[in-house]
Amino acid sequence: MTNQERYDAALKRILGAVHFEEIDRVPVVLGGLSAHMLHAGGSLAPMMTDPMYATDCMIKTYEEIGLPDGVQHAGFSSYLLSALWLSKVKHPGIELPADELWQVDEKELMQVEDYKDIIDNGFYNWYNRYLVERLDNLPEKLVSFYQSFGKMIENVSAAGMVPFSPLIFTVPFEYFCGGRTMVKFSRDLYKHLDLVKEACAVALPELQQNLRDTFKGYKPIAIWLGAWRTASEFVGPKFWETLVFPYYKALAETALAEGVIPVFHLDSCWDRDVERFLDMPKGCVFSPDSTTDMFRAKKILDGHMAVMGDVPPALLSLGTPGEVKDYCYRIIDELGPKGVILAQGCDIPANAKIENIQAMIEAATSR
Amino acid sequence: MNEKLIKAFGDLDDDVVMEQIKEMKAAGKETIEILGDLQAGMDVVGKHFEEKEYYLSELIMASEIFKEAIAAAGGISNIAGAESYGTMVLGTVKGDIHDIGKNIVSAIMSCNGFKVIDLGTDVSIEKFVETVKTEKPELVGISCLLTTNFDHMKQTVAAIRAAGSNAKVIIGGGPCNESTVTHVGADALARDAQDGIEVAKELLGVN
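Here the protein sequences come in this chain order: E and D.
This note's numbering puts the first residue of the first sequence at 3, with every later residue one more than the last.
This note's numbering puts the first residue of the second sequence at 2, with every later residue one more than the last.
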């Protein structure tokens with residue numbers, strides 16, 4: 003089988019899973035590149051100067067241990083996290099030792115007055131100034147990554163893997179929560195709710211337009227709709243129903259209208275609101291991080307929304323290949339084959355054992 | 002008890018809480034008495050949390066109100082004779098700078114009758130050991146958001162035990178589960194800040 007034939011078969015399998023079609027087996031689509039960088043390159047720091055480093059390490063690792071059907075991201079730079087969290091990040095080889103994982107350094111960089119700025123001048127007008135002025139000219143640091151993005155997609159595809167969801171978008175709540183800090187933003191929900199609501203409402207159409215504009219340059223198969231602080235576990239229903247759910251729904255509808263699959267990347271526990279995803283349009287993917295009960299979610303969402311996950315990161319770090327396989331078989335046998343994609347919960351952690359990543363791939367391909 | 006203050010706290014109405022404290026201070030009430038009412042208000046918040054009416058954003062708001070209220074009441078240093086279930090030395094593990102969860106635990110434990118010695122983030126093993134030796138706490142809380150720091154957590158727990166401390170060690174943070182407790186040799190897992198209170202009380206045999 004050539005790599006192109008392998009890619010075609012994998013893509014058919016993944017799309018079949020998303021759309022609840024008959025497929026030969028449950029596909030496996032993996033995310034997270036730090037363990038691969040440490041395994042194949044021995045360090046994380048080269049990622050800061052070589053935009054292809056993470057991609058090269060990932061491909062090398064999978065060529066060694068066996069290819070998954072797809073990967074969630076084609077490359078990585080820890081500078082990207084600042085653009086999503088609106089926070090500074092401590093990077094390996096710069097503020098941290100070369101082999102130590104990046105960490106978001108959440109400080110109050112956004113003030114209450116910024117909501118007014120967004121309302122008066124627009125989200126991206128404010129956001130672009132924020133990246134330059136408060137995040138140390140972040141756009142300049144991401145130039146080489148974006149210039150290499152096409153090559154990352156090309157190389158992953160050429161290796162026979164589907165670059166499934168290589169772009170990340172999120173809702174205003176997440177940006178503001180990161181920029182304000184979780185404590186300050188939680189307080190804003192009580193003390194400045196009107197401002198928060200108005201700023202979110204101003205940002206939404208601009209975020210939707212950004213999706214459409216981005217897809218004109220490169221249309222991915224799927225995108226991540228990142229959901230971290232918006233988890234049901236964190237946000238009370240009255241805020242969740244007004245500031246979280248409608249925003250994800252709007253972005254999902256925008257992506258689907260452009261022919262792109264929205265993958266809800268859901269950190270922390272979403273058990274309370276799983277049923278609400280029945281009100282999302284069909285054709286999305288529900289991807290919890292192992293905190294949400296994915297087995298229950300699959301029963302609720304069956305036929306409406308596929309699930310993707312959710313091998314616990316701690317199991318990949320501490321478990322044995324046998325334990326990992328047992329968990330994967332449970333997902334495959336109890337939930338599959340329709341509407342299921344096997345994946346890690348959240349990201350594969352940096353200290354995941356390579357044999358455990360291999361066990362995930364083998365569990366899917368051998369079943 | 003000031004029922005109006007307790008209700009306002011339970012409703013997270015900080016304006017009314019602050020008004021009530023002002024009135025109590027003007028009436029000559031002692032800080033410790035106000036603290037009792039604030040803790041009763043915090044109990045109401047805790048109940049709402051357990052009954053899934055409140056979530057983390059509400060817990061954060063409650064701890065913010067508590068901090069401001071206690072400052073307005075005269076400050077924590079003025080509360081002599083306040084009863085405490087015990088002392089907890091708390092910090093994020095070496096290599097981890099994520100402090101949100103740890104800060105919430107610190108605030109919630111403090112509001113619920115525990116003395117918290119907060120060592121901050123990226124706390125070295127030596128710092129944990131040194132503090133445990135001098136403060137002789139009943140509890141140590143270690144927060145960890147990254148699986149890459151599980152081994153640092155394991156080394157910290159081992160060093161605390163080797164220093165002869167009998168403190169019960171509670172761990173928490175996004176990727177931690179029961180297998181992590183076993184791996185690092187801790188005594189218990191706290192799933193969230195509110196759960197931490199129950200776990201701590203259970204470990205100490207108090208209610």
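Calculated directly from the structure, the hints in this document are not laboratory data.
By construction, the Cβ of each residue, glycine as well, lies at the ideal position given by its N, Cα and C atoms.
You may find that some hints are simply not true.
Stated by the list, open to error - Below, a sample of chain D positions facing chain E; criterion: calculated Cβ distance under 7 Å:
#: 1; residue: Y56
#: 2; residue: I61
#: 3; residue: M62
#: 4; residue: T148
#: 5; residue: N178
How the hints compare with the structure:
no. : hint : result
1   : Y56  : holds (5 Å)
2   : I61  : holds (4 Å)
3   : M62  : holds (5 Å)
4   : T148 : holds (4 Å)
5   : N178 : holds (6 Å)
Violated hints are absent here; each numbered hint is respected by the structure.
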